[in-house]
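Participant: With the sequences and hints as input, model every part of the structure.
Listed in order, the protein sequences are those of chains P and C.
Numbering of the first sequence is given in the UniProt record's numbering, commencing with residue 1 and proceeding in unit increments.
Numbering of the second sequence is given in the UniProt record's numbering, commencing with residue 1 and proceeding in unit increments.
Check before you lean on any hint, since a few could be wrong.
List time: in silico DSS-like cross-link candidates among lysine-lysine, alpha-carbon distance up to 25 Å [stated by the list, open to error]: (1) C:LYS95 <-> P:LYS60; (2) P:LYS60 <-> P:LYS97; (3) C:LYS50 <-> C:LYS163; (4) C:LYS133 <-> P:LYS97; (5) C:LYS140 <-> P:LYS97; (6) C:LYS63 <-> P:LYS97; (7) P:LYS44 <-> C:LYS73; (8) P:LYS60 <-> C:LYS133.
Not everything, but these chain C residues come out facing chain P in the computed CB check (under 10 Å) [said to hold, decoys possible]: (9) HIS30; (10) GLY59; (11) LYS93; (12) VAL203.
Simulated DEER-style distance windows between Cβ atoms [stated by the list, open to error]: (13) C:ARG49 <-> P:SER47: 37 to 45 Å; (14) P:THR46 <-> C:ARG49: 50 to 58 Å; (15) P:GLU75 <-> C:GLY115: 28 to 36 Å; (16) C:LYS24 <-> P:SER99: 54 to 62 Å.
Think of the hints as simulated: they come from the structure by calculation, not from any bench.
No residue lacks a Cβ here, since even glycine has one placed at the ideal position from N, Cα and C.
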Amino acid sequence: MALAAARGKLIAVIGDEDTCVGFVLGGLGEMNKNRTSNFMVVDKNTSIGEIEETFKNYLKRDDIAIILINQNVAEMIRHVIDSHDLPIPSVLEIPSKDSPYDPSKDSILRRAKGMFAAEDFR
Amino acid sequence: MSDKDRLNVFPSRMALAIIKTRLKGAQKGHSLLKKKADALTLRFRMILRKIITTKTEVGEVMKTAQFSLAEAKFTCGDISLVILQNVTKAAVKVKSKKENVVGVTLPIFESYQDGGDTYELTGLARGGQQIDKAKKSYGKAITLLVELASLQTSFITLDEVIKITNRRVNAIEHVIIPKIERTLAYISSELDERDREEFYRQVKKGSRKKEKDQSPRGGNKESPNGRKGWPWRGSTKHI
Numbered sequence: 001m002a003l004a005a006a007r008g009k010l011i012a013v014i015g016d017e018d019t020c021v022g023f024v025l026g027g028l029g030e031m032n033k034n035r036t037s038n039f040m041v042v043d044k045n046t047s048i049g050e051i052e053e054t055f056k057n058y059l060k061r062d063d064i065a066i067i068l069i070n071q072n073v074a075e076m077i078r079h080v081i082d083s084h085d086l087p088i089p090s091v092l093e094i095p096s097k098d099s100p101y102d103p104s105k106d107s108i109l110r111r112a113k114g115m116f117a118a119e120d121f122r
Numbered sequence: 001m002s003d004k005d006r007l008n009v010f011p012s013r014m015a016l017a018i019i020k021t022r023l024k025g026a027q028k029g030h031s032l033l034k035k036k037a038d039a040l041t042l043r044f045r046m047i048l049r050k051i052i053t054t055k056t057e058v059g060e061v062m063k064t065a066q067f068s069l070a071e072a073k074f075t076c077g078d079i080s081l082v083i084l085q086n087v088t089k090a091a092v093k094v095k096s097k098k099e100n101v102v103g104v105t106l107p108i109f110e111s112y113q114d115g116g117d118t119y120e121l122t123g124l125a126r127g128g129q130q131i132d133k134a135k136k137s138y139g140k141a142i143t144l145l146v147e148l149a150s151l152q153t154s155f156i157t158l159d160e161v162i163k164i165t166n167r168r169v170n171a172i173e174h175v176i177i178p179k180i181e182r183t184l185a186y187i188s189s190e191l192d193e194r195d196r197e198e199f200y201r202q203v204k205k206g207s208r209k210k211e212k213d214q215s216p217r218g219g220n221k222e223s224p225n226g227r228k229g230w231p232w233r234g235s236t237k238h239i
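Facilitator: So, in structure tokens, the structure goes:
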């Protein structure tokens, strides 16, 4: 753990092709020795079980600090995301190209909702 | 209820003193914990506000990033396969630092550049400028998202800690302090009773002694006021 922290951790991405391409272009893709990558491209043929499996694997890996996930993908595996309550790795929901960002679906903002007035959410 | 819900102590003066110090300790602890909870809530609200502003900002940045990627795709065709296949080492990594807020360690993420750019030559033929632009805007999005991630992590951690602290505050306020107070009341009532008993015994002893003193001379077995059953009544004024 300490070693992994000293080495610097990775950011994982689960999302549609464009999101993955963008972030990998931005420089966060990594292929490790076992030829497993830290990003997953979700298309219309990807099954929910596969996404769930990958997400759980990312949660288990100790070299991943942040998991970025498209909101429409997050919606598919909402129960897994809601059951993850540890601070690290932190799961961030990001808007995807074809679906606008809906703050009321975000698990974090839903927890925060009771504390702030509605106008703070736009 | 009040008989059962107290500490199991023997009612003595020493126990009274000990319980009193415990009450004082519990009150001090209560006020300290309350202060801690307040400090945490202050921090929590600050983070919450920051999260909301950063989330909206992220939405904007993601929009421009996606636009720039679309531009790049338009100028140099489909580059997604090239990019996804050429992954080797991550150029952007995350360092985590620890920040201490009233005894709670919050992880703070910081992104940093590690190693060179793998996609230096992508789009060399055409569209290099657009790809560069997309790269930059996604890099900006990543730094913003890392910031948001650390805020979110702090949010979850603080939420947990605030819950625990509030539970403690309430436990001290509604369980521990009433219990100690009941114990105090019990001890003082026991002590009072013992005092009364002691007093009665002293009085009785005094009156007996007097009776003994009187009997050889006067031989009067009755008490001075003439009543037989309550010898201490009349003799209290003699002690």
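Participant: For a quick check of understanding: which of the numbered hints are violated here, in increasing order?
Facilitator: Structure breaks hints 2, 8, 9, 12 and 14.
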